[in-house]
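Q: Protein chains in written order, with the numbering used here: chain A, 62 to 331; chain B, 3 to 240; chain C, 7 to 250.
A portion of the hints provided could be inaccurate.
[Claimed, not checked] Cut-off 27 Å, straight-line C-alpha distance, at most; resulting in silico cross-link-like pairs (BS3-like, lysine-lysine): (1) B:K25 x C:K212; (2) A:K103 x A:K252; (3) A:K92 x C:K192; (4) C:K212 x B:K231; (5) A:K86 x A:K317; (6) C:K203 x C:K192; (7) C:K158 x B:K110.
[Unchecked claim] Selected chain B positions facing chain C (in silico; Cβ < 8 Å): (8) Q9; (9) S88; (10) D109; (11) A142; (12) A144; (13) E173; (14) N193.
Honestly, the hints are just simulated from the structure, not real lab data. Beta carbons are placed, not taken as given, at the ideal position from N, Cα and C, and that holds for glycine.
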Amino acid sequence: MSGEEVEITPDVTAERIRKYLEQEKRFDGRKTDEFRELIIEKNISKKAEGSVRVKIGKTEVLVGIKMGIAEPYPDSPDKGNLMVTAEFLPLSSSRIELGPPKFNSIEVGRIVDRGIRESKFIELEKLCIKKGKKVWTVFIDIYTINDDGNILDAAGIGAVAALKLAKIPKYDEENEKILYDEHQGNMPLRKINPFTITVHKIGQHLILDPTREEEDVSETRITVGSSEGIIYSLQKGNSGYFSVEEIQKSFDIVEKAWKELFKKVEGQLK
Amino acid sequence: MTTKNFQRPDGRKLNEMRPFEAKVGIIPNADGSAMYKSGDTIAIAAVYGPKKMHPQHSQNPEKGTLRCTYNMNSFSVSDRIRPGPSRRSTEISKITEWALEPVLMLDKFPNMVVDVHINIIQADAGTRCAGINAAAMALAHAGIPMRDMVSSVSVGKLDKTIVVDLSKEEEDFEEGDGPTDIPISMTHSGNITHFQLDGKIESKQLMEAIEMAKKSCEEIYEVQKKALKDSINMEEEA
Amino acid sequence: MTNTEHKRSVVIPGETIVEGDNYLPGEGTEKQGEKIVAFRYGLAEETNKLVKVIPLSGVYQPRRGNIVIGKVSLITFNGWVIDIGTAENAFLPLMETPRFVSKDRLDEVMKIGDITVAQIFGVNGRGIDLTIKSRGLGRIDEGIVFKINSNKVPRVIGKEGSMIRIIREYTNCDITVGQNGFIWIKGDKIEDELFAKRAILFITEKSFMEGLTERVEKWFKENGGVKKETKKYDKEEEFGERRE
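So that you can see chain A by itself, here it is in the shape it has in the complex (with noise of 0.2 Å):
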């Protein structure tokens, strides 16, 4: 494809990379476990329950709420449901086909899942309208807009961020109607904040937020859900491998940027 070959980063690019990470240096400057600069909008949809606009660096995410109802799964039938789903837009970059769902967008959909719903973020129990019969669905939608590596991370803070903004609508049983426009309440949260940090792994050194070069050259990775240190989810993804000592290594970074994280999200959903 005509510029989409040549785009995707040179093999002399990526020995570059790769001799700068031996000096612990990346090409913009930052440290290996820094993340870039996180900008968070609220309320990117009105017609949302909850909505963000998430920019890390250049890489933008927008992930929005929206509630239905619906029946409950036969083994819980006094809670709600959980769905999320990525798409991976054209929009966002030259290297995305048209059709059906890929695996990265497929991917980024099942890993911030794993991170909400094991986490037991939202508090699904106070989502059930009717045991059996009729509960509240939270659909989780997330949008690339430009990538610029790191969706995934992006994703996961715009999930979380926009689950803190999210209120349930008004439901009108006689009608059985969902009335949007008024609202009831904010959504039922536990009081974690389960980002899903993950750390790549390139040569020797262990990264975190890649930008779309480096993302490249990552030869594999590892995405941890947690907060405050207790782990809900975790996934390694694509082939290569980690030692024990480097998942050690891992989850004391993933530890530490979770700091600098919360106090970022906070800050920026003031």
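Given the structure of chain A, go ahead and fit chains B and C onto it with the hints provided.
A: This is chains B and C only, laid out in the frame that chain A set:
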């Protein structure tokens, strides 16, 4: 024929558009990009190309191809839209192509394709028009050779009165003849590249509606032009 | 538009730049009756009644003589197919290498994924023909390669190579600018390479400015740059584009 005392629900004059805003260069990866906002409707567009067309047998040796996709975010409306293409989005994608193609100098890039992707972030009626306005700016921003700009607006008839830029509330208008929705896209030189109608109207009043659309499109053109010019800061910033 | 010869203003497609019988339509413009109308978004410029639009965006147009940087995407029996970011592929034939290469050794000289500097010696219906026969051309072994908008390349090179000279003086790096927007920087230290890259990105942001060369010198000084002892470059290498 037009009722002079007709009151619009949000108090606007008959020929008054909702507050609008435009900006270019909002998506760094794209070759060209823009945002267009009209009232509560927000559309963004990204252009990638011209680039090689795949598969090879789709290539046209005489002229380039324009491909548009239109997509509404699930949370752009109150009743969540399931992510993925729908019949409606497929139709609007095609209409957008037809609205923009006449101004593109496609013969300047044979065998190549220009992809335009439109995304609706928040919807309050007039989404296809907002999308076309954003797309036209994004195409210019991307350096695609174009004869003219395209501006788009929805005029309408509420019962017997012609108004400009229907809001969602007005689209659901119930009195009398009900609403007639007329989205129109025009080049700056006044040629119509896109025209649709749903409702009930006499041809004489429809011509009136077209005249109103023309004036609105001129206003929109000024905002599109300003957005493109403003993105180049000729003065040194402090 | 004013009557001043070199005054430039931003125009959009469909906009009338000037009106008058004696104006001539240059690049990016069309004559419609008495009007010269832009069909590209860019800076309108008028010199001696010739009106043209300097584009700020848009795809690279390959021209004979251009130096380009591309990636090997395929090896055929008699050469390498190089992707230089254009719709047509560019081809480097076996015969256009400085030293003899036998047919079964093509991938030893350059393999798929390698980046090379080449010169266009022909553009025709079948595609773009490349050569790496001259000095300064050939496979890139190390350094940073990145892409800018090809329309900004003239500003990065500068009049008679003035801009590129300044970057070299302050960073002591070898810099090759491909007309297709790809840039190769090679320095002794990675910091120098990144400094040069930042300078180039700064230039692309301010590419429409008048007095850009002075502004860039100022930028270097503001960012701790110090003029270094430079290597001697001969005229050819300065420009990134060979004169015919």
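Q: Hint by hint, say whether it matches the structure.
A: Status of the hints after comparison with the structure:
1. Among the hinted pairs, K25 (chain B) with K212 (chain C) is consistent with the structure: their alpha-carbon atoms are about 19 Å apart, no more than 27 Å.
2. Taken as a hint, the K103 (chain A) and K252 (chain A) pair is honoured in the structure, with Cα atoms around 20 Å apart against an allowance of 27 Å.
3. Proximity of K92 (chain A) to K192 (chain C) is assessed by CA-CA distance (about 23 Å); at most 27 Å being required, the pair is judged to hold.
4. Among the hinted pairs, K212 (chain C) with K231 (chain B) is consistent with the structure: their alpha-carbon atoms are about 15 Å apart, no more than 27 Å.
5. For the hint pairing K86 (chain A) with K317 (chain A), the CA-to-CA distance comes to about 19 Å; that is within 27 Å, so the pair holds.
6. Annotation: proposed proximity of K203 (chain C) to K192 (chain C) holds, straight-line Cα distance about 10 Å (limit 27 Å).
7. Proximity of K158 (chain C) to K110 (chain B) is assessed by CA-CA distance (about 21 Å); at most 27 Å being required, the pair is judged to hold.
8. Because the beta carbon of Q9 (chain B) sits about 37 Å from the nearest beta carbon in chain C, more than 8 Å, this interface hint is broken.
9. Interface hint at S88 (chain B): violated, since its Cβ lies 32 Å from the closest Cβ of chain C, which is beyond the 8 Å cut-off.
10. The beta carbon of D109 (chain B) comes no nearer than 12 Å to any beta carbon in chain C, farther than 8 Å, and the hint placing it at the interface is violated.
11. Interface restraint check for A142 (chain B): the shortest CB-CB distance to chain C comes to about 4 Å, inside 8 Å, so the restraint holds.
12. At its closest, the beta carbon of A144 (chain B) sits 6 Å from a beta carbon of chain C; the interface hint therefore holds under the 8 Å criterion.
13. At its closest, the beta carbon of E173 (chain B) sits 31 Å from a beta carbon of chain C; the interface hint therefore is violated under the 8 Å criterion.
14. A hinted interface residue such as N193 (chain B) counts as satisfied when its beta carbon comes closer than 8 Å to some beta carbon of chain C; here the least separation is about 11 Å, so the hint is violated.
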